[in-house]
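Let's have the full structure, built from the sequences with the hints guiding it.
Which chain is which? The protein sequence lines are A and B, in order. Using the numbering used here, read the first sequence as starting at 49 and increasing by one per residue. Using the numbering used here, read the second sequence as starting at 173 and increasing by one per residue.
For the record, the hints were derived by calculation from the structure and aren't laboratory data. Keep in mind that a hint or two might mislead.
When the alpha-carbon atoms are kept at most 30 Å apart in a straight line, the in silico DSBU-like pairs for lysine-lysine are as follows [to be verified]:
hint: 1; chain 1: A; residue 1: 319; chain 2: A; residue 2: 156
hint: 2; chain 1: B; residue 1: 188; chain 2: A; residue 2: 156
hint: 3; chain 1: A; residue 1: 156; chain 2: B; residue 2: 187
hint: 4; chain 1: B; residue 1: 302; chain 2: A; residue 2: 319
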Amino acid sequence: MIATQKQYYFSGISIYSVRFSFWLQSLFILLLALAMFGPIVNLLIWTVTESWYFPNSLPSQWGVKYWLQVFNPYSDVSGSLLTSLLIAILTVVVCLLVSVPAGYALSKNSMPFRVFWMLLFLIPQAFPNLTVYMNIARLFYDFGLNGTLLGVVLVHSVHGLMFSIWISVAAFSSTDPMLERASRNLGAGPIYTFFHIVLPQAAPGLVASCIFVFLESLDEFTGTFFVGSPNINTLPLLLYTASMEGNYQIASITALILLAPSILFMVIIHKFMKPEMLSKLGK
Amino acid sequence: MTHLHIKDLQAGYGKKLILNNINLEVRQGEMIALLGPSGCGKTTLLNALCGFIPLSHGEILSDKRVISQLPAEQRNITMVFQSYALWPHMTVEQNVAYGLKVKKVKRADIETRVAELLNVVKLAGLEAEKVTALSGGQRQRVALARALAIRPDVLVLDEPLSNLDAKVRLSVRHEIKALQKKLGFTSLIVTHDQEEALVMADRIAVLNKGQIEQIGTPEEIYHHPSTAFVADFMGADNHIVWPIQDPGFSLNINLPPDDLSIYFRSENVSISLQATINNELNQQQNEGLIINGTVEQSVFFGNSYRISVRSGKHIIQAEHYKHLPGKTPVTLHILPEALHIYAADVKSSVLEKN
Chain A
49 MIATQKQYYF SGISIYSVRF SFWLQSLFIL LLALAMFGPI VNLLIWTVTE SWYFPNSLPS
109 QWGVKYWLQV FNPYSDVSGS LLTSLLIAIL TVVVCLLVSV PAGYALSKNS MPFRVFWMLL
169 FLIPQAFPNL TVYMNIARLF YDFGLNGTLL GVVLVHSVHG LMFSIWISVA AFSSTDPMLE
229 RASRNLGAGP IYTFFHIVLP QAAPGLVASC IFVFLESLDE FTGTFFVGSP NINTLPLLLY
289 TASMEGNYQI ASITALILLA PSILFMVIIH KFMKPEMLSK LGK
Chain B
173 MTHLHIKDLQ AGYGKKLILN NINLEVRQGE MIALLGPSGC GKTTLLNALC GFIPLSHGEI
233 LSDKRVISQL PAEQRNITMV FQSYALWPHM TVEQNVAYGL KVKKVKRADI ETRVAELLNV
293 VKLAGLEAEK VTALSGGQRQ RVALARALAI RPDVLVLDEP LSNLDAKVRL SVRHEIKALQ
353 KKLGFTSLIV THDQEEALVM ADRIAVLNKG QIEQIGTPEE IYHHPSTAFV ADFMGADNHI
413 VWPIQDPGFS LNINLPPDDL SIYFRSENVS ISLQATINNE LNQQQNEGLI INGTVEQSVF
473 FGNSYRISVR SGKHIIQAEH YKHLPGKTPV TLHILPEALH IYAADVKSSV LEKN
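Shown next as structure tokens:
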């Protein structure tokens, strides 16, 4: 009897707490959704707004006028989109040139001071961005690199190298050393082996690292601001000026343009990132 | 094909010495099995041969040419890897042709050679298949064809059958042996399976703790193991340390009075049911080791029964054609030539089964 009573007592508590936690959970999810999608919805609305004044909760006039303005070939947006793409592609090239040999070397356990070299590429990220970029800008000023495309590409590469080195070390580490041995065994020298056996094995990881570098470069603001402006105008810089001027339509459309490649590439990365490679990350 | 000569070889990883004082000659067209328990250094020896790890001492000669200082790609010793190490981004044909392409052989010649080899290993028709789509046995044969394509001086096989299931293993074992006979390549095969070594090899080198314990033909290794380790490893499953102060045991051979380690195989133990006929046995039958005991257990083994016989605190394994019930008193008799006798050392007496 006592046992049954106890059971009732406990089941009463548990039903009560389930109901309570259901509402709590719903509220939590709602708030989370609002926090995540609220700004995006707001942004989407702004892209198709022609006029929207306080205290209206919705725009008073809808339209795609600003889209036409943005995609006008002579507009600021088209120009900075091209600049952004060019810088991103060059940054990817620079990062690949460094991270392929470095990643291969660092993937070998025999490499001296391996951990030190790996950490070296993390250090710029360890300090506050502003300090790093201000000092880079000061240095670049001495070399005449301020306001040049090369300067901006180099700044983006400093940032991108962290991703590309760490990911390519993981990519090379996940290749089977026996495959390399088999190639040497059949008479191929180290360089032939690298290009015909090792590189194809590591390729998916390297593609993933390129995508990260590309996206990071496309979204980069602080470094470009200190080193590139006012001569070099990338999309994030344009976004900044547009929002400062209160031109929310242009800013929102620019943001949407920046969002598109991120989503596209995230899907691709998802395909290229192999679990065995991810498990080697940072090892 | 080539004569391979390993002289005083010493090698290891970093400061850890794995192989010591290895001397081995592989004659032209011969297949030698390196046999030993895991961790004895047999794979390390292959790695040293192929140039994947440096030697700390000694040299390797391939037809009088010193190859121990050459990089791996210049040795012309090819390997069939335990994991096969096929390149997953290539087809069967590309895998087999790789070595020839590296050597810049003419395209037409590559095609004929690859077709010829795929025929030999019975993979014709699978040229365009990705290696990842093949079964274990097929991958094994691609690896073999790939290693043979460049006509190596020596072919080494690192536990080539260990990743195959039992049935495929038996057939591939015979295929490799037949191929070796047919093409006559000089080869070394690493294995930890004594049966595999006995069937495939012309000679067997038994390795223990980085040293060669014995080299000989399969018959020599099986019937005349030169050390207690070899006897034990080659399946002499009974081990006793003599003298035994037990009335159940009597040994009638001329032996030095020292402590002895005696090994013998269960298949060489003959069982007779009369427990007390010792004195009535004729002189010839009386030679060797005689043990009186009782049956402890009898297990069906297909072609025979495996009988465990207890005598004092020892248990002796024997084979018998029929089942014997427990507690049956029996007399075991082992002929002198079936006894492998060594001077006992501390280590082997630890192994004593009691």
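Has the given pair, residue 319 (chain A) with residue 156 (chain A), been kept, meaning a C-alpha gap of at most 30 Å?
-> Distance ~26 Å between residue 319 (chain A) and residue 156 (chain A) Cα, so the pair holds.
Hint consistency between residue 156 (chain A) and residue 187 (chain B) [alpha-carbon to alpha-carbon, up to 30 Å] | holds (19 Å)
Could you grab the alpha-carbon distance between residue 188 (chain B) and residue 156 (chain A) and see if it respects the 30 Å cut-off?
-> Measuring from Cα to Cα gives roughly 20 Å; hence the hint holds.
Is the straight-line distance between the alpha-carbon of residue 302 (chain B) and that of residue 319 (chain A) 30 Å or less?
-> holds (20 Å)
Hint compliance for this structure: no hint is broken.
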